[in-house]
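J.: Sequence:
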Amino acid sequence: MVGVGLIGTGFMGKCHAIAWSAVGAVFPDAAKPRLVHLGEVNEDLAKRKAGEFGFAKATSDWRAVVNDPEVDIVSLTTPNQFHPEMAIAVLEAGKHLWCEKPMAPSFAEAEAMAAAAKKSGKVAALGYNYIQSPAIRHIGALLDEKIIGEVNHLRIEMDEDFMADPEALFFWKHEATSGYGALDDFAVHPLSLVSALFGRVGSVICDMAKPYADRKMASGGRRAVETYDIASVLMHLENGIAGTLQVNRSAWGRKGRIAIQIFGSKGSILFDQERMNEFQLYLTSDRATEQGYRTILVAPQHRPYDLFVPAPGHGLGFNDLKIIECHELLTRIAGKPARLIEFAEGLEIERTVHAMARSFEEKRWVDVR
Numbered sequence: 001m002v003g004v005g006l007i008g009t010g011f012m013g014k015c016h017a018i019a020w021s022a023v024g025a026v027f028p029d030a031a032k033p034r035l036v037h038l039g040e041v042n043e044d045l046a047k048r049k050a051g052e053f054g055f056a057k058a059t060s061d062w063r064a065v066v067n068d069p070e071v072d073i074v075s076l077t078t079p080n081q082f083h084p085e086m087a088i089a090v091l092e093a094g095k096h097l098w099c100e101k102p103m104a105p106s107f108a109e110a111e112a113m114a115a116a117a118k119k120s121g122k123v124a125a126l127g128y129n130y131i132q133s134p135a136i137r138h139i140g141a142l143l144d145e146k147i148i149g150e151v152n153h154l155r156i157e158m159d160e161d162f163m164a165d166p167e168a169l170f171f172w173k174h175e176a177t178s179g180y181g182a183l184d185d186f187a188v189h190p191l192s193l194v195s196a197l198f199g200r201v202g203s204v205i206c207d208m209a210k211p212y213a214d215r216k217m218a219s220g221g222r223r224a225v226e227t228y229d230i231a232s233v234l235m236h237l238e239n240g241i242a243g244t245l246q247v248n249r250s251a252w253g254r255k256g257r258i259a260i261q262i263f264g265s266k267g268s269i270l271f272d273q274e275r276m277n278e279f280q281l282y283l284t285s286d287r288a289t290e291q292g293y294r295t296i297l298v299a300p301q302h303r304p305y306d307l308f309v310p311a312p313g314h315g316l317g318f319n320d321l322k323i324i325e326c327h328e329l330l331t332r333i334a335g336k337p338a339r340l341i342e343f344a345e346g347l348e349i350e351r352t353v354h355a356m357a358r359s360f361e362e363k364r365w366v367d368v369r
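Numbering (UniProt numbering), first residue to last: 1 to 369.
None of these hints come from the bench; they were simulated from the model.
Where hints are given, some of them may not hold.
Stated by the list, open to error - DSSO-like, lysine-lysine: derived pairs with alpha carbons at most 27 Å apart: (1) K216 / K255; (2) K173 / K14; (3) K336 / K32; (4) K336 / K363; (5) K14 / K47; (6) K173 / K210; (7) K210 / K363; (8) K32 / K122; (9) K47 / K32; (10) K57 / K47; (11) K122 / K57; (12) K57 / K14; (13) K119 / K336; (14) K119 / K173; (15) K122 / K336; (16) K14 / K210; (17) K173 / K122.
Unchecked claim - Here are the in silico distance ranges between beta carbons for each label pair: (18) E167 / A115: 27 to 35 Å; (19) G315 / E226: 34 to 42 Å; (20) Q301 / E226: 19 to 27 Å; (21) F162 / I18: 42 to 50 Å; (22) Q301 / A31: 24 to 32 Å; (23) I18 / N42: 38 to 46 Å; (24) E85 / M1: 26 to 34 Å; (25) D44 / D207: 25 to 33 Å.
Treat the numbers as computed from the prediction; the structure is a model and nothing was measured.
Heads up, the beta-carbon is just placed ideally off N, CA and C, and yes, glycines get one too.
Full structure from sequences and hints, please.
T.: Here's what the structure looks like:
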């Protein structure tokens with residue numbers, strides 16, 4: 001059995017815990033995980049979450065999780081600025097690592113993490129769960145078949161509204177220590193889909209914006225917002241496809257939108273994560289009298305949907321993607337090929353994000369490499 005450690009128990013920490021608990025039930029071939037050790041910022045919270053999630057041990061010292069001889073792999077779900085020190089410690093301790101995105105606030109830190117992963121020889125994967133969607137997997141297969149011909153244009157957007165309220169309080173994602181803002185907090189997810197479906201980005205030009213210059217402090221007064229909630233990017237992929245990327249953390253009405261429009265010489269494909277169990281397909285090969293977008297519902301034929309639900313149209317959810325990702329991780333640890341973004345590929349996503357930020361600062365097109 002694989003011994004699991006978890007550091008951080010917020011939104012993504014709980015997602016990881018659910019995945020570790022469910023992966024064996026969904027995937028019969030999965031190595032059965034054992035929930036060994038949970039770490040949080042204080043002992044009381046750690047003990048409470050360990051009880052809720054089913055971990056045998058709890059601690060307020062994250063290094064105790066890393067150094068526990070019963071732990072084979074660590075799930076790291078802390079805020080971004082803590083990733084570098086913790087991830088490198090996990091890898092140097094000879095453990096496998098499942099780290100949430102983005103890798104780190106600075107590119108130098110991300111490079112150090114990738115170097116530690118390479119040196120360790122352990123699996124170090126990033127939490128890009130959207131690439132695991134059965135719909136996205138099938139869209140990739142259709143692109144490989146060139147069902148819409150040669151792709152020439154890509155539009156991809158990610159929007160949520162959890163920062164849309166101007167009266168919401170200042171919190172850690174408004175601090176520069178967390179990164180650029182929507183560009184690395186959000187854009188890395190669409191970029192993971194670009195990477196999985198099309199490959200690397202070649203060049204970019206970027207603009208960023210702050211909808212609100214400052215925020216109220218819980219302790220009184222106001223503090224300047226140091227990150228950008230909005231980013232708009234023009235890009236050229238290395239394979240010649242032209243694209244646009246737009247991300248917004250302050251978009252009222254958007255809850256979990258990652259919208260993709262893929263245009264080719266013989267048709268187009270549309271997908272929106274808010275309706276993750278369907279996608280739209282337009283083919284010029286259809287008769288002119290019936291040409292139009294058809295809606296494809298995700299079904300057991302779109303694996304691994306079949307391992308969750310035996311009937312079409314019933315739908316998977318966000319946490320199910322995390323369970324699929326967990327299975328891919330266990331498959332990779334077993335030495336088999338897996339659909340994952342490991343640190344080396346993740347570093348290229350980080351490189352793209354930092355090129356976008358540099359483009360904004362310098363007001364010009366920037367080559368990613």
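J.: Each hint should be assessed against the structure and marked as holding or not.
T.: Hint check results:
1. K216 / K255: Cα-Cα ~23 Å, so holds.
2. K173 / K14: holds, 19 Å
3. K336 / K32: Satisfied, since the Cα-Cα distance of roughly 17 Å is no more than 27 Å.
4. K336 / K363: violated, 44 Å
5. K14 / K47: holds, 14 Å
6. K173 / K210: holds, 13 Å
7. K210 / K363: Holds - the C-alpha atoms of K363 and K210 are around 17 Å apart, at most 27 Å.
8. K32 / K122: holds, 19 Å
9. K47 / K32: holds, 23 Å
10. K57 / K47: Cα-Cα ~8 Å, so holds.
11. K122 / K57: Answer holds: K122 to K57 is near 24 Å, not above 27 Å.
12. K57 / K14: holds, 16 Å
13. K119 / K336: Judged against 27 Å, a Cα distance of about 20 Å means the pair holds.
14. K119 / K173: violated, 31 Å
15. K122 / K336: Satisfied, since the Cα-Cα distance of roughly 13 Å is no more than 27 Å.
16. K14 / K210: violated, 30 Å
17. K173 / K122: Violated, at about 30 Å.
18. E167 / A115: 27 to 35 Å: violated, 43 Å
19. G315 / E226: 34 to 42 Å: holds, 39 Å
20. Q301 / E226: 19 to 27 Å: Check failed, 47 Å falls outside 19 to 27 Å.
21. F162 / I18: 42 to 50 Å: For F162 and I18 the Cβ distance comes to about 21 Å; the hint is violated.
22. Q301 / A31: 24 to 32 Å: holds, 27 Å
23. I18 / N42: 38 to 46 Å: Violated - the Cβ-Cβ distance for I18 and N42, about 23 Å, lies outside 38 to 46 Å.
24. E85 / M1: 26 to 34 Å: At roughly 28 Å between Cβ atoms, M1 and E85 fall inside 26 to 34 Å, so the hint holds.
25. D44 / D207: 25 to 33 Å: violated, 45 Å
Of the hints listed earlier, those the structure fails to meet are numbers 4, 14, 16, 17, 18, 20, 21, 23, 25, in rising order.
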